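Could you build the full structure based on these sequences and the hints that come with them?
Residue numbers (this note's numbering): 22 to 588.
Any given hint could be a false lead.
[Stated by the list, open to error] Pairs of lysine to any residue residues, derived as SDA-like cross-links and limited to a Cα-Cα distance of at most 20 Å, are as follows:
1. 508 - 540
2. 197 - 414
3. 381 - 322
4. 197 - 249
5. 325 - 376
6. 508 - 495
7. 197 - 331
8. 508 - 537
9. 325 - 314
10. 200 - 179
11. 142 - 132
12. 508 - 24
[What the hints assert, rightly or not] Derived DEER-like restraints, expressed as beta-carbon distance ranges:
13. 414 - 64: 50 to 58 Å
14. 339 - 281: 26 to 34 Å
15. 238 - 409: 29 to 37 Å
16. 540 - 131: 19 to 27 Å
17. 238 - 540: 51 to 59 Å
Bear in mind the hints are in silico, worked out from the structure with no lab data behind them. All of these numbers come straight from a predicted model, not from anything done at the bench. Each residue gets a CB set at the ideal place from its N, CA and C atoms; glycine is no exception.
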Amino acid sequence: MQSTVRDNIVELISAGMRLAQQAGALPAFEIPHTIPIAPSQHAAHGDYGSPVCMGLARVLRRAPMQIAQAIAPHIPQSEFVSQVEVSPPGYLNFTLDAGWLAQQVPVILAAGESWGNLERKESERVQVEFVSANPTGPLTVGAARNAVLGDALAAVLDAAGYAVEREYYVNDHGSKSRKLAVSIYLSYAELWGSPVELDEPIYPGDYIAELAQELQAEAGRRYLEMERDTALAEIMEWGIQRVLAGVAADLARLRIHFDSWRHERSFYTGEPSLFAQQLGRLRETGHIVEKDGALWFTHPDLEKDAVLVRSAAVIADPESRPTYLASDICYLWDKLVLRDFDRAIYVWGADHHGDAPRVKAAAQALGIAPERVEIILYQLVTMRRGEQALRMSKSSGEFVTLREVIDEVGADSIRYMLLTRTADVTMDFDLELAVEQSDRNPVFYVQYAHTRIAGVLRHAAEQGWPAEVLGDSALLTHPSELALLRKMVAFPEVIALAANNLAPHHLPNYASELAAHFHAFYHNCYIVDSDPAAVELTRARLMLARAAKVVLARVLYLMGMDAPERM
RNA sequence: ACCCCCGUAGCGCAAUUGGAUAGCGCAUCGGACUUCUAAUCCGGUUGUUGUGGGUUCAAAUCCCACCGGGGGUACCA
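Here is the structure:
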């Protein structure tokens, strides 16, 4: 449980401002509630710098430089900051104390798997809902970015102290489920040599035939002998279960596991159903209009009304009349009122961006604060194998499954590659490049750092060093050691950064920097030295290596990647 | 037509969310293996942040207009 260095420095600054005022060095002013601070980009500026005095210049009617000079002497002494400097045009620069940095080695080792975790937030229950692909077939590669983003987001929020639940929303209500059932049924009937004519749309993929074969093996001729609607209802149930089992298995290969699976269908069962209740609520608050035989959701924030229940003239089957929005509204209530999550995070592809305002408006209409609904929109990925683009649409019947791609390039590469860019940029994922085991593949660079430490520790063990070697970390004074330490100590901040901005791409960026600092340390500082005079230094460096391994393993874990002992 | 995302070094991307001299990888050029894995390291080269205005002490970041690329605008699911 760490507070971040950054936060601690912010505390120092506000204490400095308070004390400077008390001492009369500055006129009275209100201390800003947020104090800007960022890691310095140049060594000459120390480790952290704050431009807060620039913003104060106007209110205090003084030059930023003067304000900084008035505050700096009043900034309290602390064990982790060795130097506070003022630099033009008015920055406050902080240098971390080298001794304190070295002392963080045993701290990190003691924290182990909890290193980087932030203080538990009281009553901040967060749900991350992701993937949520229609249960009408295997996951396609199209689901990959969603899966990876959502899972890393959940992991990072968990580390940031939130109580996180991962949820998969199962769209099992309406015509697509029927379509799945019909598809399986027809294929199944054909297997028995008694083809059925049914004028309904079906899914064309090969997986339908496979499901039909399974059904044949499990149920024999049973479904041919019963009434068609009953058969279809049962097959639907069976098919969805079967597809979801496959989805879960595929996701498990990506090391993704859901805490709960919420079925859309449950919103329409019970008396009164959740849907009926929400409809009533919206009607009372004047958000429902009836037009052309359909029910529409209306809200001042929306450019136009959105259909909630389609008219009988357009959709014959009553079960298929409610739209996605109708279910989304039930789901909002389910998440944020019935289950009382503080925040609901949705992970959506950019192709659904148009739905965001409707869901937000619906939340408002239901009396749910819209800030509690957070929608991560990520841009789409085009997958290709060299020159060839991969299909990812289920309705075409020809598509590349997520499973194939996982088998081809491995879960680690997929996760790292898809995580490394901000959700805002479109991506081009080349499988040929992802499997390439070369310098062009950053995945190995990071994992190799971990492996390399494991190798050093094995070597040390062979030389007779105990596995849990302890020593005096104060001996760590080499620039490469300190640079590595700075990176390691920054880890809690990276978690805060990624969690606060719902931006997991900071993880791989950090991982790669951390690995780079380890590799440099490895080259510049020989770790296991057989010289008797270097015994103490060897102990200290082995400690540092172990601690670096802890941090690497942590960041790899948050990304859902393996931290290999050997490669 | 409207809405959303993107445009940063030859290429792919960062930039703690409005802060200092815009960073990293690949590519490229030159170095480093008798010692813990060279899947590594060290050094060099690389920029009018798409264009034009504006706001600000301070803009890649915010606002306006335009240009280019992607996505979206059904009583489809």
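Comparing the hints with the structure gives:
no. : hint                  : verdict
1   : 508 - 540             : holds, 13 Å
2   : 197 - 414             : holds, 14 Å
3   : 381 - 322             : holds, 9 Å
4   : 197 - 249             : holds, 18 Å
5   : 325 - 376             : holds, 12 Å
6   : 508 - 495             : holds, 17 Å
7   : 197 - 331             : holds, 16 Å
8   : 508 - 537             : holds, 10 Å
9   : 325 - 314             : holds, 17 Å
10  : 200 - 179             : violated, 38 Å
11  : 142 - 132             : holds, 19 Å
12  : 508 - 24              : holds, 16 Å
13  : 414 - 64: 50 to 58 Å  : holds, 51 Å
14  : 339 - 281: 26 to 34 Å : holds, 28 Å
15  : 238 - 409: 29 to 37 Å : holds, 35 Å
16  : 540 - 131: 19 to 27 Å : holds, 25 Å
17  : 238 - 540: 51 to 59 Å : holds, 54 Å
In summary, the structure is inconsistent with hint 10 from the numbered list given earlier, while agreeing with all the others.
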